[in-house]
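Spelled out from the first residue to the last, the chains are:
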Amino acid sequence: MLRRLLILGPVILGVCMGGGAAAHPDDLADVQASLEALTDRVERIQDYSDVEKLPRYYSYYVDKAQWRSVADLFTEDGTLEIGGRGIFVGRERAYEYLVVGLGPIGPRDGIIIDHQNLDPLTTLHDDGTAEVRATAFVMGLTGWGHVYYENDYVKEDGIWKIKKLHGPFNMYASYKTGWIDDVIINTYPEKFPPPPDLPPSVIYLTYPSYYAEPFHYPNPVTGKPMPKPDPAAGALDYGKEDAQ
Amino acid sequence: MTAKSEGRKALAMAAAIGLGLTFGGQAAIAQSGDAARVKALKERIAELNEQARHVEDINQIHRLQRAYGYYIDKGFWGEASDLFDDDATLEVGVDGVYKGKAHIHKYLVTQGGGHEGPGLEWGQLNMHMQLQPVITVAKDGKTAKGRWRDFSLLGKYHVSAHWGDAEMENSYIKEDGVWKIKSMHVYTNFIAPYEGGWAKLEPVESKTGWVSETGKAFPADAKPTVTYKPFPNVFVPPFHYKAGRIAAIQAPAPMEMPDRPDDAIGKMEAAADVQELKLDTLYSERAIENLQAIYGFYIDKGMWDEAAALFTKDATYEFGQRGVYKGQKRVRDALTLMGKEGLEEGQLNNYPMLQPIISVAPDNKTAKARWRSDVQLSKDGKGKWGAGVYENEYVNVDGTWKLSKLHYYVTMWANYDTGWYKDALPMEPASTDNPPDAPPTMVYEALPKMVIFPYHYNHPVTGKPWSGE
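These protein sequence lines are chains A and B, in that order. When we follow the working numbering, the leftmost residue of the first sequence carries the number 1, and every step to the right adds one. When we follow the working numbering, the leftmost residue of the second sequence carries the number 1001, and every step to the right adds one.
Quick caveat, the hints were computed from the structure, so don't treat them as lab data. Please read these numbers as outputs of a predicted model, since none were measured by experiment. You may find that some hints are simply not true.
Under the rule of at most 20 Å between Cα atoms (straight-line distance), these lysine to aspartate or glutamate pairs were calculated in the DMTMM-like manner [to be verified]:
no.	chain 1	residue 1	chain 2	residue 2
1	A	K228	B	E1121
2	B	K1099	B	E1169
3	A	K176	B	D1423
4	B	K1464	A	E92
5	B	K1042	A	D26
So that you can see chain B by itself, here it is in the shape it has in the complex:
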C-alpha cells in the first residue's frame, strides 16, 4: 500500500466512523482514527522493508556473481564452486550439463588446466569479467534470474592469447538468507585468437560438434539443453525476460507527498514518506541499470524493434556525428544505421554497457546516467574496436522506466588489425539515405582528437560543477 492509497483509505475510514457515531465527540474519533493510522503505518513500514530487501537482494547477487569471476581469474576453483548450491548445474557452450557442486568443481579445474590450485600455471591468463547484469528477483525474494556478459582475456605466455565473449543466463536461490548460484548457463559466443580476432573465425559445421577441450576431457552428465552455432553465426541466447512488460525495469511510480496532520503519528507518517521516496529512487537506480543492460543485449543482436520499445514516445537518439533522431519511430530508423534487423552471418555488433553512474532525481520521476562501451564490431570479415561514452536520460512512466534520450559520444574507432595508436578511424557523418531530424548537438572529432564529453553530475565529494581540471 503506497502513501497515496493509504492516505485515501484513512480519510474514507474517518468519514465512515463520523457517520456512524452519534455521541462521544471529536476526541473519540481522533483516538479511534489513531489506531487505524498506527496499524496502517505498521503495514506500510513492513512493505517498505520488503522493498528494501529487494534492492539488497540485487546488490548481493551482483556481489556473488562478481566473486565468481574474481575467483576463477586466479584459479580459486574450490572457492568458485562453493558459490553454487549443492545440486546446482553448469552448462558451457554445447559441452552439456554438469550436475552438482562436485562436477561443477571438476569442470572448473579441468577448464583451468587440470590443477587443483588455488593457482594457475606460470604464464596463464584467465581473466573473466562479469559485466552488464540484468537481475530479476522473484516477488517472494527466494529466487532470482540474471543475464550477464562474460568478457574474457585468456592465454598462455608465448603459446596463445584469446579474447572470449559469452552471454550467461543464470539462476540464483536464497537459502538461510544467503544467495547462491542455482544454475549457470554460459552461452559462449566466441573464443577468438588475438591474432586476427573474431572477424577471422571460421564457421563451425554442426550445432553439436564444437564441444570444448574441457567438455571432451570431462564428459557432461547430460546433453546440452540448447545447441547452437557460435559466432560467426548470430545466435541469440534465450532471455529470462519477455519483451513487453519486463519486471526488471519496473519500479515504484512517482509519488505525491501527502500532507500529514501535525500530531505525533503525523510526524511518523511524514518520516515514512521521506524514507519511501528515498527507497523508491534506490529501487529505480537498479531498474535503470537493468534497462540499459537490456537495451545493450538487444543491440548486440540487431533486435531493433525490441530495443526501440524501451524508449518513450518522444525520445531522442544521437550517435557520434550522425545527428539527432526525434521520436520513438525515428529511434527505430536510427538503429538500422548499424545494420539489418537480426544482423547478418559474420556480423558482430557488441556494445557492452559498462561503468554506470546513475543519478535518479529526488522525486523519482527522471534520471540521468553516464555509461561507457568498449565496442567490438565485425562486418564483411573486417573487425573493429570502438570506445565511447553514453550520457542518457530516462523517465519513470507510471512505474516503468524508459529511455528518453540516448547520446553516444565516440572516443575512438579503430581497425582490429592495426589498432588505434596511429590509424584511428574518423566517425561517419550523417546518413544521406536515412538522414537525421536535426544536426549533432555537439560537433567534435574522435581520436586522434581527444575531447571531454560533458558530465551530467557534479563532483561527488566537493559537490561543485565540473571544474575543467
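For reference, chain A alone in the conformation it holds in the complex:
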C-alpha cells in the first residue's frame, strides 16, 4: 500500500499544480467495454446452466404425468416427436399427444414411468438458440427403455423454452430377459391416437437394428462433423482371408 502511495505521489503533486487528470477518459471507456464483455460472458454461462436443466425439468414432470407442466415448457409453435409417432406441431398439439395418447394427468398406482434424463451435451449458439443431446434411461411399466434426445431450445423474452423435442427410441425391452430376446419395436404414427400433424422426420429401426441419431455438434476436439456410419460395419467380409 505504501508503494502505491509513492507512485501516486507525483501524480497528486501534478494535479495540484494543474497537471493531467488521474483517470483518463480512454481508461474509463476501456473499463466500460470490458465490463460489458464480462456481462455478456456471465449471461452466456447462465444460459448454458438454464438450457442444460430443461431436459431434466421435462423428465421430472413426465415421471408423474404432469402433462400441462410438460407442455408449458414448449414455445407456442414448438414441436414434439417421440419414438416413431410422427410430429406434433404446436404446444397444444404436444399437450394433446400427452393427455390423449399417454393417459390422464397424474401418476397411476401400480405404474412407474421413471424417465431418467442423463448425460446432457449442451451447445449454445450465438443467435439465442441452443441444442442438447441427452439420454433417457427409462424404468417403466414392464421393463427398460433407452431413448436419445436431440432437442432444440430458444430464448424468448429472457426465458429458455423447448423449440423442438425429438426423442427417438433406441432400445425398449421387457423385464423378464431384457434386451437379449424381449425387445419392443418402435412406435408408429397410427399406433394409438391422436394422429400426428406430420409424418416421422426419419424412418428407422430400433435395437436390435442399428441407428445412430445424428450428433448436433462437431467433434469437440477436431471440429469435424459426424461421418456417415458404415452400413457394412460388422458384416462378414465374404471371401476375404483377413476377415475378423
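Based on these hints, arrange chain B on the given structure of chain A.
Relative to chain A, chain B alone:
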C-alpha cells in the same frame, strides 16, 4: 481480490492520500482516487474473467466426456479416440496401460468387436452413459481431473445381455484453448449377465487374472498401474481428491454488496458487483454438483465417515420412511442403516446421483437441489433395484459448500429377479435399534402406490408454483 477487500483497500488509500496532502483540495483527492479505483476495477474484472473461465472449463470437460460416451455408444471409434491427446493413456480393468492415440483407437475397435466402423454389428448394444461427474480444474486452467461413473448396457441380440458398472478417474489437458482427454482409467466394477445380475457374480481368484477378452486379444503397452479384484469384492478406486479440504466443493464465499459512490466509476463498480454475485452462484452450482457426486461415490463404498463430513453440524437426514436424524453425528448414525462401514464382500450399495436441478439462492448463501437415483443393491446374494428422488439443501460455509439436508424419497424397491411390475417391495419402517430423532416429515408408500414428491422449484417457463398438472 473480492469486492469486499477492494473496497477496504480503496478507503485506506484515500485516507493515506488525505494525510499526505497539504494543499490541492478535494478535487485533487477525487481525481487521484479515481485512477486507483479504475485500476482496481480493471484488476477485479480480470479476476472475474478467470472465474468465468473456470466455470466454462468445467462445462467443456462435461461436453468432452459425454461426447466420448455418445461416440462409443454407436461405434464411432475414430471420433472417440480423437478426443484424446496424442500421447494419452487408456487403462481398463486390469488389462494394462495403452499408450498413445493409435493404441487407444485399436483398443476401442477391438473392444467394440473388431470392426473399424463407424458402426456396430447388427444386434449389438454398447450403451455407455457418462454420469455423476466430479471435476477439479487446476488453478492455472491448463489441466483438470474428473471422476465419473460409467453405467453401461451391453449385449448382442439372442446371444447375451449385460449390465456394466465402472468408476473412472480421468485427467484432461487444455491445448490451444481446446480440452482433450489426457488419461482415462476405467475401474471396471462388474460386467454382469442380465440373467441373475450382479448378485450372482462369482469372485475372481487373482487381482491380475481377470484380463478382459479385449486385453487378451490386444496386449497392453505396460502392466496395469493398479490391480484389484472386481465385484463381489469391494474395491475403492483411488480418488483424485483427498477427504478434508476438497477443492471441487470450494466456491466464492457469500459477499456483502458494498455501497458504491454515485459517480461514473461508482456505477461501474456496482455493475461489477452484480456480475460478481451472479458468477459466484454459477460457480457454486458446479461446486454443489461436485459435492453431491462426491457424497454418492463415498456412499457406494460404505465410507460413512467421509460422507458424514460433507454435512453441516446441524444437518438433517431422512431416507424413505426411516424418520429424521438431526445433526452431523446422527447423520453418521443413519448411514449405518445401509450396512457396515466399508460394506462387506458381495455387498453392492450403488446410489448414482443423477439428473440434478440445482437452484442456488441469488445471495450465494444457500441452495436446493433435486436429484434422482437408480439404485443397485446386493446383499447376501440377493440383488435389488431401487428408484427415488432427492430433495436436498446446501449451505455455503465461508466458501465451502456442505449438505444441510438430505431427503431421499423412495419411488420403488424391487427384487432383481422378479422386478417391479407386480412384486415391488415396501419401504422399511423406522429402525428400532438405531431409531430416528423425529418421525418422517411426509408419510407415503412406495410402488404400487405412486406419489408426487414436492418440487423445490417453480415452473422454469411460467414461473408459477407447481400446479398439480
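Holds or violated: K228 (chain A) with E1121 (chain B), Cα cutoff 20 Å? 15 Å, holds
Below or equal to 20 Å on CA atoms is what counts here, so check K176 (chain A) against D1423 (chain B). 13 Å, holds
Do the alpha carbons of K1099 (chain B) and E1169 (chain B) lie within 20 Å of each other, as the hint requires? 16 Å, holds
Against the 20 Å threshold, does the CA-CA distance of K1042 (chain B) and D26 (chain A) hold or violate the hint? Holds: K1042 (chain B) and D26 (chain A) sit about 13 Å apart, inside 20 Å.
Between K1464 (chain B) and E92 (chain A), is the straight-line Cα distance small enough, at 20 Å or below? 19 Å, holds
In terms of the numbered hints stated before, the structure departs from none.
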